[in-house]
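Chemist: Taken in order, these protein sequences are the chains called A and B.
First residue of the first sequence: 1, per this note's numbering; consecutive thereafter.
First residue of the second sequence: 1, per this note's numbering; consecutive thereafter.
If you are wondering where the hints come from, they were derived from the structure by calculation, not from laboratory data.
Don't take every hint at face value.
Same chains, same names: a pair is fine if it fits in one copy or spans any two.
Pairs of lysine to any residue, SDA-like flavour, derived with a Cα cap of 20 Å [said to hold, decoys possible]: (1) K88 x R63; (2) K272 x H287; (3) K38 x P113; (4) K272 x T284; (5) K315 x W283; (6) K272 x D198; (7) K272 x E288; (8) K88 x S120; (9) K38 x H171; (10) K88 x E274.
2 protein chains.
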Amino acid sequence: MTDARTVFDRHLPDQLPTPQPATAYAPSNIALSKYWGKRDKALNLPLNSSLSISLRDWGSTTRISPSSTDEVWFQDRLLPADDPFADKVLRFANRFRRDQMMPLKIETSNTIPTAAGLASSASGFAALTMALVQAFQLDLPDDTVSMFARLGSGSATRSLWHGFARWERGHANDGTDSFARPLEVRWPAFRIAIIPVDTGPKSHSSRDGMNHTVATSPLFGAWPAQAESDCTAIQNAVQDQNFQTLGQLAEANALAMHATMLAARPALSYLKPESWQVLETLWTARHEGLAAFATMDAGANVKLILEASSAADVKAIFPQSRLIAPFDPL
Amino acid sequence: MTDARTVFDRHLPDQLPTPQPATAYAPSNIALSKYWGKRDKALNLPLNSSLSISLRDWGSTTRISPSSTDEVWFQDRLLPADDPFADKVLRFANRFRRDQMMPLKIETSNTIPTAAGLASSASGFAALTMALVQAFQLDLPDDTVSMFARLGSGSATRSLWHGFARWERGHANDGTDSFARPLEVRWPAFRIAIIPVDTGPKSHSSRDGMNHTVATSPLFGAWPAQAESDCTAIQNAVQDQNFQTLGQLAEANALAMHATMLAARPALSYLKPESWQVLETLWTARHEGLAAFATMDAGANVKLILEASSAADVKAIFPQSRLIAPFDPL
């Protein structure tokens, strides 16, 4: 079996150049066709392809500079050496450095509002990967950078770009064909509304929830094929800018993912009663003509997709919502 | 293909005797291992076996008497000829009468509290079947009476008895091996708590919900085999009076059924935000030691299973709950 080290070795020079200061920004992303279930846990290889929209100015910036000793900073605060986040970041930097003594100062900051309750691992690992590639002056194709980001966090593979991106599951055992590419679609009227429900810490990480579902849910078996077919149908709807079809498919795909968790033993329920209340309110409003659809990840928040023409209605129904225009200039 | 008429013909004499006055009571029932999905819609043949507990004094009484003209009474009120309930009852009576002119007065009354929001078709068709069998002085084995009740409403097949009953799915195309039998288990400490959530009319009948799920849910394919294996495991737990195992299995089985609906396209959600709030409260209480588990059917109410020793705790946490002791003397 291939391990992550072998994959990095294949793409990196034996001897890295002296690191240069580098800064990279990556947006967070929300999957419209979900990633749920791994075929290889060590390599973060998914059972199915997925498709996302990036969140523009909600994301992570990582700055790397040479240093006399390894330091990890988060939101302008130096983290203690035993901090779990610092440990994850340095272990990922070691994938590049391997045994070369090149101490780094790594500074990360997020612009994702805390109240939005979105995970920052996607944008964090994407920005870290891009900053490391720059710092070590690696001339790598985007496909390889996306593949590297995947080894930090699965959904990071989709966070290198603005707009829509599709992560192809791939088929190779070493994961060299499992990376994302941006879609050539600009959809200026496309909007995301984040409806915060619960800003407390998650009960289970998405990694644990995924593994528990794959291992115990009697309904999971049907997911990978359905998710793969949804992903292609959702990509077609994005390319056609067919909002109704996209919305129906994205909502059904998200609910099917949550259904696999509900059937896990014991059941896994990231959605809270307040999340269901948001869904009921949405379904009632849609019955009365609102053109908006929901998607939910491994957390209690509900995200809506809509077009600009429905933004005022969504804001009236969900005053607590935060609107994102993914294609607006930065 | 066999139709219902052929099945009745096979078990009834060509010429029925003059009907005698007859009265029968049948309890309602709650499935601990759910019936969800038909392999034959005309004959109400299920895709999987199921297992229920009857609700003692919550049920239906049907009185049949010879009359000069067909009359259907519900809760002491004569129904108009075009009433859908009256139509269903008379069409079922015609299964017995076929073309014989034997006008009947059929009086049905329910003792199920309206606030409990439980369907009465199970107890209603079971009581009607038993009353017709008596009125026509048919000497039929219980298996046949249960099979007849099934042709009125699937879950009625389990409502002929008090206590636990298992409905065997059977394999014959004509459904002659698809009926329920009572389990020889007396569990005096067993309790059901009904937690009313929504007493309004259902958005979709369970029959429609079942058919929509089978037809459109990508996760439904795994249900029949899982439900069959759950049913056997639940029967074993009932026979061992192993409450923890029974509770865990019954709750997981109910959630898996609701998961198949959530993945239907469009999604089907009988559970309301208040239902999820009851579940969250239950899960928190269970984490703190409460021995009670949930089961939910095609409606918003939540039903708990527990033993007598937990009744006071359940009542304190859910003051609105209605407690049933299925094995208490009537």
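Chemist: Does each hint fit the structure? Answer for all of them.
Modeler: Here is what the structure says about each hint:
Only within a single protomer do K88 and R63 lie at most 20 Å apart by alpha-carbon distance; the minimum there is 16 Å, versus 73 Å between protomers. Proximity of K272 and H287 under a CA criterion of 20 Å is satisfied inter-copy only: 17 Å between copies versus 23 Å inside one chain copy. Within a single copy, K38 and P113 get their C-alpha atoms no closer than 29 Å, and across copies no closer than 49 Å, so neither meets the 20 Å cut-off. Within a single copy, K272 and T284 get their C-alpha atoms as close as 19 Å, and across copies as close as 13 Å, so both meet the 20 Å cut-off.
For the identical chains of this complex, K315 and W283 are intra-copy neighbours only, at 15 Å inside a copy versus 33 Å across copies, given an alpha-carbon limit of 20 Å. Within a single copy, K272 and D198 get their C-alpha atoms as close as 8 Å, and across copies as close as 19 Å, so both meet the 20 Å cut-off. Taking CA atoms no more than 20 Å apart as the test, K272 paired with E288 passes between copies only; the shortest distance there is 19 Å, against 25 Å inside one copy. Within a single copy, K88 and S120 get their C-alpha atoms as close as 13 Å, which meets the 20 Å cut-off; across copies the closest is 58 Å, which misses it.
In this homomeric assembly, K38 and H171 come within 20 Å of each other (Cα to Cα) only inside a single copy, at 12 Å, whereas the closest approach across copies is 38 Å. For the homomeric pair K88 and E274, neither the shortest alpha-carbon distance inside one copy (33 Å) nor that between copies (40 Å) is at most 20 Å.
Hints 3 and 10 from the list above are not met by this structure, while the remaining hints are.
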